[in-house]
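Engineer: Below are the chains, spelled out letter by letter.
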Amino acid sequence: MTYQQQGGAAPPGPPVPTMPAAPAVPPQAPPPEPRSRPAAPDPGPPRRTAWAEGVDRLRAAATTEPGRLRVIGAVLALLVVVFGAVTAWQMAERQTAADDVLNRSQPLSSDAAEIYRALADANTAASSGFLAGGQETADSRRTYEAGMKLASDKLVTAAANSEPGSASEKTISDLNRLLPQYTGLVERARANNRQGFPLGGAYLRYANSKMQIMLADAESLYEVEKGRLRSDYADAKPYPWIAIGLGVVAVGGLGWAQRRNYRRTNRVLNHGLVAATAGVTVVMLWLVVGHSVARAGLNESDAHAVRSLNTLNDARIASLKARGNENLTLVSRGAETKEVGKGENKKSVDTFDYDYKAQMALLTTELRAAEKLADDPAGAAPVQDATKNMLVWKERHEVARAADEAGDYQGALDKVIGSEAQEPTRVCFDNVDAALAKAITREKAEFRQAAGDGLSAMNGLVEGAAVLAALAAAGALLGIGRRLSEYR
Amino acid sequence: MNARRMRASLRGWGGVGAMAVVCALAAVFALLLPRTQPGGADGPTGGRGAAQGDQARAEACEKPEERSLAPSSGDLDGAAVQKIRKRGKLVVGVDQNSLGWGYRDPNSASNGSGSKDSASNGSDLKGFDIDLARAIAKDILGDETQIIFRAVPTDQRIPKIQEGKVDMVVRTMTIDCDRLKLVSFSSPYFQTGQQVLAPKGSGITGYDDGSLAGKRVCSAKGSTALEHLEADKADGTLPASTNIRTTVPNQLDCLVRLQLGEVDAVVTDGALAASQAAQDPTVQVVGEPFTDEFYGVAMKKDGADDLIRRVNQILEDYRKNGWQTSYDDHLKKYLGASSGPPEVAYK
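Chains as they are written, first to last, in my numbering: chain A, 1 to 488; chain B, 1 to 347.
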């Protein structure tokens, strides 16, 4: 029936008269489709739209079995192809996010923590060097230089990985600009110290105030990177519900087609359709199982390693800040005070001693949290070690404060940066830092293991889903085609 | 013909016009002269103007440096002194950043024996103020080592005394009328005056000769230098284009800003300016001191009269015995030979 129109359309319609005819009869030609259908010979139907024609043709086709089979075949193939495409798309997204977690955002947030730590470390070393006198100790010099090197190295990586125009990029370029200014001030402080000029101390104070700006920048960078890690996790973990839903629909559709087939022909198996169903089912299973395993790995890396890592990094930064404040208490000798409390409890306290206490309290809570998060004794051991050293540190600090309060400045100094025999807090801080570094290395390895496992569970899923879905679609078409051929 | 007549008439009018102009100018000058004269006098002789202002202020509280209690006027060993004795330590607010006055020489006693032990070097503060503080501790407690030094930023000197965080402040502190309302001072132990410190070859030649126009000048927060800068900028002694916004916790921080090119000049006490110049051969003290100032030991305003008398008694002895030695040890190399401690008069 459709042949009639198609057949009559092109060959018999003499194009020569129709072409001028269209512009010749403009008055009664308001319908929009006279040109789309140059089939002028048929005066009645040409007024209908192409869409209406198509629907009509489909309706007509659906009334015959081969027509219906054609429609069913097309819909099934389309369903399977869409299912495959959505699966590939959703899994590619999750795979990218998981890959970002493992290879991008976690290393970057680690780097940001390292930048922060390195800067604080260098600043603490510089103030220790100042306390020690004009000739800074080899130790403090080495720590300072290592801190500066690490910070500038990590800033290069961070700069390479930051998106142009982002807040991180600006923070990083600020840090890159301030870093040489800071080192310049420290070198001037050293040169003046060596000459025995108090100007050295003034430079160091200025350098320290610059560093406070840099530390605030580094902290915000760290927070941004931590946020990015969170959002990558959030992108990688949710179940691919659309793909799963489409899979269920595709399997359902294939099942229905086979049941229909069985009803009409009494044939149990249609090889093509069965193959298609099998293909779709395999993709579905792979999808659900693969993603569940990946999710488990990511959850594991998040719940254990990343949370531990964040806690440990925070603890390490708190211990560094506490150490820096402890030094500055002695450098400033009570020069800076601040008001705390309200009303009758209001009193003025030494700014740096107050900050030291606040950071030590933070260190205590972070260490407690880290110990709780540690999932095995081997992971808890370095944290316990750090806690033990922190307690000694607190005790020794009290002795140093008491000496300073009693006017024994030298005694206080010895207790803070003195030689091993004088039992200074320096040793405790070094031990805490080393223990935390060890714990961080451990947790990093654990993270790579768990997140790597998670990522590899999704390996090949995208390509597999695409290939299998294509095969399944072909199967569906073949299966339907086999039935269709019975009508020829 | 016509043209010649025209010229002639113009010449006639020209004479009248010229006379009119001369008259007008004379009138303008006559009107303006009385106004410009005081202004003109203010420029170059602003120092005198400021000095007059100072005198006026000084007259209001009659020479601040002569307002302390005479040792003979009462008890030398009252509650305030007893409190220190009972504690066994004298708590003194000092500076640790002023070469010659109160500072920590990072290389003192440096024996170079090893890195670990270098921490035990150079923690002692040194300087003219430190010597005086030790002399006070020795008199009150019998031991000059029974002393706790607290580093005090310039603008924290008065609050620390008021809060009782320190017994006294011995820190190049100028006795002035405003401060006398908040704390008490001992008799003067040193005379100085505000001066300008500037890089050599900067073209800055003094405080009130206009060479600070368009320059950035640094001073310490809560210092007499800043008070003078603000007052003189307000009354026009300083050019309006002088930028005095940079203030720092300690006068030495000004030298840091100067070396970094963030300011062009520093105003501080001459005695401190000299110790800054000693740390940087490329800067110099320029111009004459534009104020007369006296350093005193600051103590609590109320309930410390016995301590003030006691310190004044100690200073009586110290001027005769100790002052010159300390000056020669710490200040002579920066300030040159001294004519001795300032004259003393009590209230």
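Calculated from the structure, these hints are not laboratory results. Note that the coordinates shown come from a computational prediction; the quantities given were computed from them, not determined experimentally. A couple of the hints might just be wrong.
Stated by the list, open to error - Label pairs and their in silico Cβ distance ranges:
#  : chain 1 : residue 1 : chain 2 : residue 2 : range
1  : A       : Ala434    : B       : Asp124    : 31 to 37 angstroms
2  : B       : Asp124    : A       : Ala216    : 33 to 39 angstroms
3  : A       : Ala402    : B       : Arg85     : 20 to 26 angstroms
4  : A       : Ala216    : B       : Glu163    : 28 to 34 angstroms
5  : A       : Ala216    : B       : Ser72     : 33 to 39 angstroms
6  : B       : Asp124    : A       : Thr364    : 31 to 37 angstroms
7  : B       : Arg85     : A       : Lys357    : 48 to 54 angstroms
8  : B       : Lys200    : A       : Lys347    : 45 to 51 angstroms
9  : A       : Lys346    : B       : Ala213    : 31 to 37 angstroms
10 : A       : Ala361    : B       : Gly303    : 34 to 40 angstroms
11 : B       : Thr282    : A       : Ser209    : 20 to 26 angstroms
12 : A       : Lys338    : B       : Gly336    : 18 to 24 angstroms
13 : A       : Ala361    : B       : Thr282    : 45 to 51 angstroms
Ideal Cβ placement from N, Cα and C applies to all residues, glycine included.
Engineer: Hint by hint, note whether the structure agrees.
Structural biologist: How the hints compare with the structure:
Checked against the hint of 31 to 37 angstroms, the C-beta distance between A:Ala434 and B:Asp124 comes to roughly 34 angstroms, which is consistent with it. Between B:Asp124 and A:Ala216 the beta carbons are some 35 angstroms apart, a value that agrees with the proposed interval 33 to 39 angstroms. The beta-carbon spacing between A:Ala402 and B:Arg85, approximately 21 angstroms, falls within the hinted interval of 20 to 26 angstroms. Taking the beta carbon of each, A:Ala216 and B:Glu163 are about 30 angstroms apart, inside 28 to 34 angstroms as hinted.
Between A:Ala216 and B:Ser72 the beta carbon distance is about 58 angstroms. The supplied range of 33 to 39 angstroms is therefore violated. At roughly 35 angstroms, the beta-carbon separation of B:Asp124 and A:Thr364 lies within the given 31 to 37 angstroms, and the hint holds. Taken as a hint, the range 48 to 54 angstroms is violated for the pair B:Arg85 and A:Lys357, whose Cβ atoms sit roughly 32 angstroms apart. For B:Lys200 and A:Lys347, the Cβ-Cβ distance of about 48 angstroms falls inside the hinted range of 45 to 51 angstroms, so the restraint holds.
Range check, A:Lys346 to B:Ala213: Cβ separation about 46 angstroms, and the 31 to 37 angstroms hint is violated. The hinted range of 34 to 40 angstroms is satisfied by A:Ala361 and B:Gly303, whose Cβ atoms lie roughly 38 angstroms apart. For the hinted restraint 20 to 26 angstroms between B:Thr282 and A:Ser209, the CB-CB distance of approximately 24 angstroms keeps it satisfied. For the pair A:Lys338 and B:Gly336, the beta carbons lie near 41 angstroms from each other, so the given range of 18 to 24 angstroms is not met.
The supplied range of 45 to 51 angstroms is met by A:Ala361 and B:Thr282, whose beta-carbon atoms lie about 47 angstroms from each other.
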